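Asker: These are the residues of each chain, in order.
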Amino acid sequence: MKEKGKETLKRAIEQLPDYQAPDMSWEDIQADLETTEPVLQEAIRQLPVYSAPEGVWGRIQRQLAQPTLVRMMRSPQAWAAMLGFLLGLAGLLWWANLSEVPEVIAEKEQDAELIAAQIASYEAEEQALLACLEARQADAPEVQEARTKLQDITETRDSLIIILQAGEKKGASKRLRRMEHRRKQLVYELQKQMCQTDQPEKTPD
Amino acid sequence: MSNTEQSSSYQINPAEKELVEACLREDRKAQKQLFDLYKDAMYTLCYRITSDTELAQDALQEGFVGVFRGMKNFRKESSLGAWIKTIMVRTAYKKIRKESRFQSLDEEVAEQLIDWGSYIDVSYLEQAIQALPPGYRTVFVMIEVEGYSHKEVAATMGISVGTSKSQLFYAKKHLQKKLKALGVRS
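Here the protein sequences come in this chain order: A and B.
Sequential numbering from 1 applies to the first sequence in my numbering.
Sequential numbering from 1001 applies to the second sequence in my numbering.
Source of the hints: derived by calculation from the structure; they are not laboratory data.
Bear in mind the structure is a predicted one, so any value in this text is a computation, not a measurement.
Take every hint as true, because none was put in to throw you off.
A few chain A residues that face chain B, going by a derived Cβ cut-off under 10 Å, partial list only:
no. : residue
1   : P38
2   : A43
3   : L47
4   : V49
5   : G55
6   : R59
Derived CB-CB ranges, DEER-like:
no. : chain 1 : residue 1 : chain 2 : residue 2 : range
7   : A       : R62       : B       : Q1011     : 31 to 39 Å
8   : A       : E42       : B       : E1099     : 29 to 37 Å
9   : B       : E1077     : A       : R45       : 21 to 29 Å
10  : B       : K1076     : A       : L93       : 51 to 59 Å
11  : B       : A1181     : A       : L86       : 50 to 58 Å
12  : A       : S51       : B       : K1076     : 25 to 33 Å
13  : A       : L86       : B       : E1021     : 41 to 49 Å
All C-beta atoms in this analysis are idealised placements derived from N, C-alpha and C, irrespective of residue type, glycine included.
Can you make the complete structure from the sequences, with help from the hints?
Answerer: Shown next, in the form of structure tokens:
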């Protein structure tokens, strides 16, 4: 290491001031000395060492061999956390039952009533149509076409009813209403086409 | 140098290093070897702090389980014994913490002289230590018997350095009074 003006630094260091030790310093040293009073220290040095009880190692070994989950289940904190979670969950379910379920049940009952009313409203006409189709030649193309049309629209309607019963209400109710309207129209139309041709037309009085 | 405030340049001896590494691999034989090496010293420490053989036994067990599970946290900045001792002190103190009461130091009382005389009977000293209130006893054992500093005691027990000093003073006053009552001190 090369230095220039080293003497200047040395002189400056020599002139650095000395500071007075705080009064507390000796008191601290004295206090420390007092804690190691020879008589007390001598007696402390002679205090006995006790033998660890038998069986401790066995318990340590068993505890170390426990899987983490078992260890967690043994801790009171884990049980408290689990109890808290279960209580919270029960509270949440209770609240959900109180606030939502009766409403949902009421809505479902309303939907079922609506579906039943719509289906039943043209049941007589449908039964008459089916009886009429039975009476006609089964392999006639117009009969087969009429049956297929009715079957297709019935299947679509039944699917919508299943969707509604499963609680998927978004749009299904409206579609069912439309579907039932079309089905009802089809039943009347087919009845008119297939069944009324055999009967003499009513003449106005 | 105090118990845990050792130099960061502390060199762990090869045998100790080997034992630590085996314990890190969860080698049960090595763990047993370590337990056997320190069990009596640590049981004695736990008993001095708790003043109860059952609590001391529980602390010994919990402490060693903590030592083996926390071995990866041993940074080799102090001796293995000092590190184990710190864990034991914390574990034992936890057992009696609820019963510990700390008293602030009265200036006038602090001026009083504690005279130990010329002789103390060791067997009675043990009794007198066990008779100390839990908070005083822990501070006394840690500082006078185990050689911890007030700073280390404060950190371990979660108290201030001033509280540690005042508890030591009261512990000594109690001890002196007890020894005098037993008539074993000249």
